[in-house]
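Chain by chain, the residues:
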Amino acid sequence: GQQLNQSPQSMFIQEGEDVSMNCTSSSIFNTWLWYKQDPGEGPVLLIALYKAGELTSNGRLTAQFGITRKDSFLNISASIPSDVGIYFCAGSNDYKLSFGAGTTVTVRA
Amino acid sequence: DGGITQSPKYLFRKEGQNVTLSCEQNLNHDAMYWYRQDPGQGLRLIYYSQIVNDFQKGDIAEGYSVSREKKESFPLTVTSAQKNPTAFYLCASTQGLVQPQHFGDGTRLSIL
Chain A
1 GQQLNQSPQS MFIQEGEDVS MNCTSSSIFN TWLWYKQDPG EGPVLLIALY
51 KAGELTSNGR LTAQFGITRK DSFLNISASI PSDVGIYFCA GSNDYKLSFG
101 AGTTVTVRA
Chain B
1 DGGITQSPKY LFRKEGQNVT LSCEQNLNHD AMYWYRQDPG QGLRLIYYSQ
51 IVNDFQKGDI AEGYSVSREK KESFPLTVTS AQKNPTAFYL CASTQGLVQP
101 QHFGDGTRLS IL
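Residue numbers (the working numbering), protein chains in the order written: chain A, 1 to 109; chain B, 1 to 112.
Chain A extracted, bound-state conformation:
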């Protein structure tokens, strides 16, 4: 399976700031997923996207499924300390997922 290109690799943000991260692929996907992982735990699903062009929100999180089916972005608005963690994108066309390498977010209080 291919690895997706996720950027940035890491970011330091000020509490209250909005942040954005994105994921690109050389192949198209029918489903894009965004997960958050806290240290020592498994990833938790944040948002699932099933249709090209789809824009979906979950609280302060907003994600979009790119119109080309080859990319997706995740925005976090008004960052808070508990937003710290690693965010992963994943694309899927069948039972298998391909993952990005993750974006590590650290919030400065």
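No lab work stands behind these hints: they were computed from the structure.
Take every hint as true, because none was put in to throw you off.
In the EDC-like style, the derived pairs of lysine to aspartate or glutamate whose C-alpha atoms are separated by at most 16 angstroms in a straight line are:
#, chain 1, residue 1, chain 2, residue 2
1, A, Lys96, B, Asp30
2, A, Lys96, B, Asp59
3, B, Lys83, B, Asp38
4, B, Lys9, A, Asp38
5, B, Lys57, A, Asp94
6, B, Lys9, A, Glu41
7, B, Lys71, B, Asp30
8, B, Lys70, B, Glu24
From chain A, some residues computed to sit far from chain B (all C-beta separations above 12 angstroms):
#, residue
9, Val19
10, Leu61
11, Ser77
12, Val84
For glycine and all other residues, C-beta sits at the position ideal for the given N, C-alpha and C.
Starting from the known structure of chain A, arrange chain B on it as the hints suggest.
Showing chain B alone in chain A's frame:
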């Protein structure tokens, strides 16, 4: 509560030893997966099973083996053939093709 349970949380292996990681789910999901996670990398697929008594190799299956005798259980054995087994291992499950995967809390395997 429904969920995925991985055990143990931490596991140590001696050189030349096989170890088995447990994954149990009570979500009635058909498909189950094993991933390996190394620092700074995304999750890589080891094995997956879409149905009981059937499983397929993922991208990095060498040195690993699995079984799927029951719908709720998908144990992973890390064999002595896996020369670099130190990693965080994650189990996941999903109901179907368009449903997102849900993960357990992982097992961290280290070499003594």
